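Trainee: Chain residues, written in single-letter form:
2 protein chains.
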Amino acid sequence: MSDFQDWSRQVAMDMERTLSDLLPSPNTQPQRLHAAMRYSSLGGGKRVRPMLAFAAGLVTDADPARLKLVSAAVEFVHAYSLIHDDLPCMDNDILRRGRPTCHIEFDEATALLAGDALQALAFEIVSTHKLTDSAEIQLQMIQHFTKACGSHGMAGGQAIDLASVNKTITLPELEYMHILKTGALIRASVQLGALCGRALQANEMQHLDRYAKCVGLAFQVVDDILDCESNTEKLGKTSGKDQDANKPTYVSLMGLAPAKRFADELLTDAHAAVESFGEKANRLRQLAEFIVRRES
Amino acid sequence: MSDFQDWSRQVAMDMERTLSDLLPSPNTQPQRLHAAMRYSSLGGGKRVRPMLAFAAGLVTDADPARLKLVSAAVEFVHAYSLIHDDLPCMDNDILRRGRPTCHIEFDEATALLAGDALQALAFEIVSTHKLTDSAEIQLQMIQHFTKACGSHGMAGGQAIDLASVNKTITLPELEYMHILKTGALIRASVQLGALCGRALQANEMQHLDRYAKCVGLAFQVVDDILDCESNTEKLGKTSGKDQDANKPTYVSLMGLAPAKRFADELLTDAHAAVESFGEKANRLRQLAEFIVRRES
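As they're listed, the protein sequences go chains A and B.
Numbering follows this note's numbering, in which position 45 of the first sequence is assigned residue number 351; successive positions increment by one, without gaps.
Numbering follows this note's numbering, in which position 219 of the second sequence is assigned residue number 525; successive positions increment by one, without gaps.
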């Protein structure tokens with residue numbers, strides 16, 4: 307795994323620089339908004355979505371310069387979703403990545419607008435820079451990406467999440483919520499990374515989609531396990547908050563041991579999904595291991 | 307003007323139907339989110355941005371089916387901006403188009419997510435449907451559109467607006483704020499409508515940009531005049547709220563009579579900008595008149 311650690315550190319470093327270059331300067335008007343956008347995008351995070359885009363791009367021999375751009379775009383959407391998710395009317399959280407959340411560090415209105423502007427910036431990036439040799443395919447990439455963010459994707463998942471607080475929901479309902487809330491953007495990260503490279507056969511895209519679905523769910527199951535087992539310091543965000551908020555989780559619905567077994571099954575499935583890609587999928591395999599074995 | 311009234315009614319009717327067709331069904335999950343998105347997009351509004359896109363499309367002989375799509379996209383962004391603008395952490399308004407604002411009718415979290423999802427939907431529309439014969443030009447359209455929404459466009463203008471409350475600002479600063487806050491999306495509406503049709507020369511696009519800039523500013527100046535002179539019933543939104551919030555306006559900085567003269571000058575400039583387009587710009591001319599002469 308040490309080779310993987312080097313690679314993931316490299317991706318994180320590349321990302322930090324790319325995000326910083328793509329963000330508006332803190333010296334341009336409106337300064338406070340730009341400061342908030344930078345505060346919530348830079349200096350932390352696991353950069354899981356960029357790693358997924360980079361690893362998927364290796365399968366299709368994609369140009370790293372293009373992969374940086376799509377990775378930054380998905381990461382900006384992720385950052386925006388966290389800012390809005392932390393707002394008082396949503397999860398009302400004060401701690402994120404070991405630092406005050408955006409609306410605590412700045413104010414609620416600035417946090418709201420920073421999220422709004424980050425979403426627009428993400429789509430600006432994928433329409434401004436050349437990401438693939440065909441403009442038609444680039445339009446398809448934007449289409450996948452925007453769908454993943456909307457009411458049948460991430461925003462929809464957050465709405466279902468809110469509606470499920472204090473309610474009894476079933477395991478399939480929980481899964482459906484997570485497929486939208488986190489799965490859609492994870493899937494888009496894999497799709498966009500892969501589409502930066504050579505054209506894919508339909509069945510190849512299906513394999514990548516299956517991989518992304520397994521990894522996306524595994525990510526959430528492990529999140530629930532960590533939220534139950536870890537402490538606030540280690541997580542860098544408030545631990546145990548799902549139980550406190552009476553939110554259904556994989557642990558609360560399945561129990562801890564079955565949730566761990568489920569994460570292992572998803573890991574096995576993720577490996578199976580990318581088998582046909584041979585060595586080019588090694589980073590995708592290692593990344594799936596990392597997502598399931600992580601401790602924060 | 308009666309011919310213009312017929313035309314504007316027709317655009318509004320076309321829009322209502324197009325928006326409804328493009329919005330997620332209220333019967334699909336998550337229902338409450340979809341209901342909020344529909345509530346804030348349908349059943350009202352002056353549809354100024356769609357009219358601008360349609361009128362600009364007449365200059366380039368654009369296909370009306372394409373104009374409906376870009377018009378809907380800009381109108382969804384407008385609807386999202388109003389939802390977020392009305393939230394308690396922003397303008398904290400309870401009345402919009404004569405009805406309760408989204409967070410009053412639903413709840414704050416749903417309003418936040420409805421705005422987020424409408425922004426994503428707008429960009430999904432312009433990447434999913436064929437809007438022009440060249441995919442490269444369509445990517446440029448998305449680029450113009452996303453820039454107009456971000457921190458150097460609408461969201462940035464809202465941030466400057468917030469920062470200017472209770473502050474002494476100059477007329478150029480007020481103008482800069484409005485160029486971002488409302489001007490950017492109005493300019494994008496004209497650009498996107500025009501780009502649905504035949505290719506434009508650089509100087510033709512400059513003429514349209516100048517038209518859009520005049521009309522965008524005039525719209526705001528007249529808004530300020532109406533906010534000062536009209537009453538809540540007529541406006542369908544809370545009147546006099548800018549003074550109450552101690553927000554700088556054209557009326558407060560210039561005085562009422564000079565603000566009215568300024569609106570007239572902008573109208574003259576808007577006419578001059580589109581002179582070279584001949585009869586094809588008639589709707590753009592009428593629309594500028596309508597924006598300056600309106601009473602609500």
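Be aware that a few hints might be false.
Because identical chains cannot be distinguished in the list, a pair is counted as satisfied if it fits within a single copy or across any two copies.
[Unchecked claim] Using 20 Å as the maximum straight-line C-alpha spacing, the simulated SDA-like pairs for lysine to any residue come out as follows: (1) 473 / 441; (2) 553 / 413; (3) 566 / 395; (4) 473 / 412.
It should be emphasised that the hints constitute simulated quantities derived from the structure, not laboratory data.
What you are looking at is a predicted structure, and each value in this text was computed from that prediction instead of being measured.
Trainee: Each hint needs a verdict: does it hold in this structure or not?
Mentor: Each hint tested on the structure:
1. 473 / 441: neither (46 Å within a copy, 46 Å between copies)
2. 553 / 413: Classified as between; 19 Å across copies, 26 Å inside a copy.
3. 566 / 395: neither (32 Å within a copy, 41 Å between copies)
4. 473 / 412: So residue 473 and residue 412 pass the 20 Å test across copies only (19 Å; inside, 33 Å).
Hint violations for this structure: numbers 1, 3, all remaining hints satisfied.
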